[in-house]
Amino acid sequence: MISLRIDGRLIKAEEGERVLQIAIREGIDIPHLCYHEAFEEPYGSCRLCIVELKEGGSSRITTSCTLMAREGMEIKTDTPEVIKHRKLLLELYLAQAPLSNNIKKLAERYGIKGTRFHKTLNLEDPLGGKCILCGLCIRACREIIKASAIGYIGRGEATRINTPFLEENPDCIGCGSCANICPTEAISFEDRDKRRIMRSWSNTQVNLKICKLCGHPFTPEPLWLKVKEKSTYTPSEEIEEVCPNCRIKIVSKRLVKPYSL
Amino acid sequence: MDEGKAKIIDEIISKYASRTGRVLSVLEELQEKEGYLSKESLKYISTRLNVPLSDLYSVATFYSFFNLKRAGKNIITICMGTACYVKGAPKLLEELEKLLKVKEGETTPDGSFTIRSARCFGACSMAPVIRVNDRTYGFMSPERLPAFLKLYGWKQG
Chain A
8 MISLRIDGRL IKAEEGERVL QIAIREGIDI PHLCYHEAFE EPYGSCRLCI VELKEGGSSR
68 ITTSCTLMAR EGMEIKTDTP EVIKHRKLLL ELYLAQAPLS NNIKKLAERY GIKGTRFHKT
128 LNLEDPLGGK CILCGLCIRA CREIIKASAI GYIGRGEATR INTPFLEENP DCIGCGSCAN
188 ICPTEAISFE DRDKRRIMRS WSNTQVNLKI CKLCGHPFTP EPLWLKVKEK STYTPSEEIE
248 EVCPNCRIKI VSKRLVKPYS L
Chain B
52 MDEGKAKIID EIISKYASRT GRVLSVLEEL QEKEGYLSKE SLKYISTRLN VPLSDLYSVA
112 TFYSFFNLKR AGKNIITICM GTACYVKGAP KLLEELEKLL KVKEGETTPD GSFTIRSARC
172 FGACSMAPVI RVNDRTYGFM SPERLPAFLK LYGWKQG
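So the sequences go chain by chain: A and B.
The first sequence begins at 8 in the numbering used here and counts up one residue at a time.
The second sequence begins at 52 in the numbering used here and counts up one residue at a time.
Careful, some of the hints might be misleading.
What the hints assert, rightly or not - If you want the footprint, here are the derived chain A segments under chain B, 3+ residues with CB under 8 Å:
1) 149-158
2) 172-179
Claimed, not checked - Label pairs and their computed distance ranges (CB to CB):
3) Ala169(B) <-> Arg123(A): 29 to 35 Å
4) Met177(B) <-> Ile151(A): 50 to 56 Å
5) Lys142(B) <-> Glu175(A): 40 to 46 Å
6) Arg123(A) <-> Val137(B): 23 to 29 Å
7) Glu22(A) <-> Pro141(B): 55 to 61 Å
The set of hints was computed from the structure by calculation and includes no laboratory data.
Here the structure is a predicted model, which is why all the values come from computation and not from measurement.
For glycine and all other residues, C-beta sits at the position ideal for the given N, C-alpha and C.
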């Protein structure tokens, strides 16, 4: 165990733990967009989690998500310098993602009302005006779901995220992890007529599994198969291929029965 | 994917042993052979190298070196580097687009010309510069373009 100070508070931590991780655990609020606890390695692309680090007489600004905790570190999360940089970052994000409510809210929190930068709004890109290219969706799809259905396309200011050739991608299992993890709520999909349509991913269509009792679609079929393959739990035949609602009915009946006899 | 093409790709892949370092080399060599990277080729490489198609597509779109569309017989590249730009490269491009009736990045319907742009050939002293296939021509002007195109079989239409 080591100890470090964050905003004056003495905190114990494991060596090698990341400062942002420690701060989140200790309830210290450091704004961040591209960090997610689901990943072992931080990415450090959004830069919002910058903090001031004092160590051995010198101080510097660095991203807390990538910063490994060391004995005796002194971290300040909201010095005027840090806030100055964060404000500029938020202005840049307002230019890149002017349609994202999360970005607007965050900017508002820092008193940013407008941006001095040129707004980029590519309406041909389904994520246009919302995506900040932090890469969380790509990483979730690749590292956690292991589908690798989406990736960065192009380079520089023309960079986008989508499926290869902007075509429906059979690698997508329709799990929606990308939409779930997106910090700017840029990704959308809808369930329509027993199919999930990934609107952001070139309208990739995925079949939904149908509940064998009530006939309602309840989860993407490839996701269902993947979970079934990975899970060590084998459900009884009675509840297999049954939607959560019908399962509740079956299980509660089972529970109630002994008493009603 | 026809067998001939698959064989070409298999041969290229067999030259590279490194699991992680071969993606770029394979794509580069295929493009040199075929002139571009077709969708079918990328899909085939993806299964052969066990690299997701989304990765290959990212790489192929990141480097301006790679083409995803079949290029024409003659590739005309206009230098848009700073020196050429200042010396009127945008006017060259405009004129070229007018003459060939296709936009930058496109190929004429008869498959004889493709227009591209690039950043600096290192021939700034001759700005503005264009390149047709492997040859570089300096001190280019919109007025001189038709004569050059005729050298490569273009007919005013």
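Hints, verified against the model:
1. 149-158: Contact hint for the region 149-158 of chain A vs chain B: holds, 5 residues under 8 Å.
2. 172-179: holds (count 3)
3. Ala169(B) <-> Arg123(A): 29 to 35 Å: holds (32 Å)
4. Met177(B) <-> Ile151(A): 50 to 56 Å: Given about 53 Å between the Cβ atoms, the range holds.
5. Lys142(B) <-> Glu175(A): 40 to 46 Å: holds (41 Å)
6. Arg123(A) <-> Val137(B): 23 to 29 Å: Hint holds: Cβ distance 28 Å, inside 23 to 29 Å.
7. Glu22(A) <-> Pro141(B): 55 to 61 Å: This hint holds: roughly 57 Å between Cβ atoms.
This entry satisfies every hint, going by the numbered hints stated previously.
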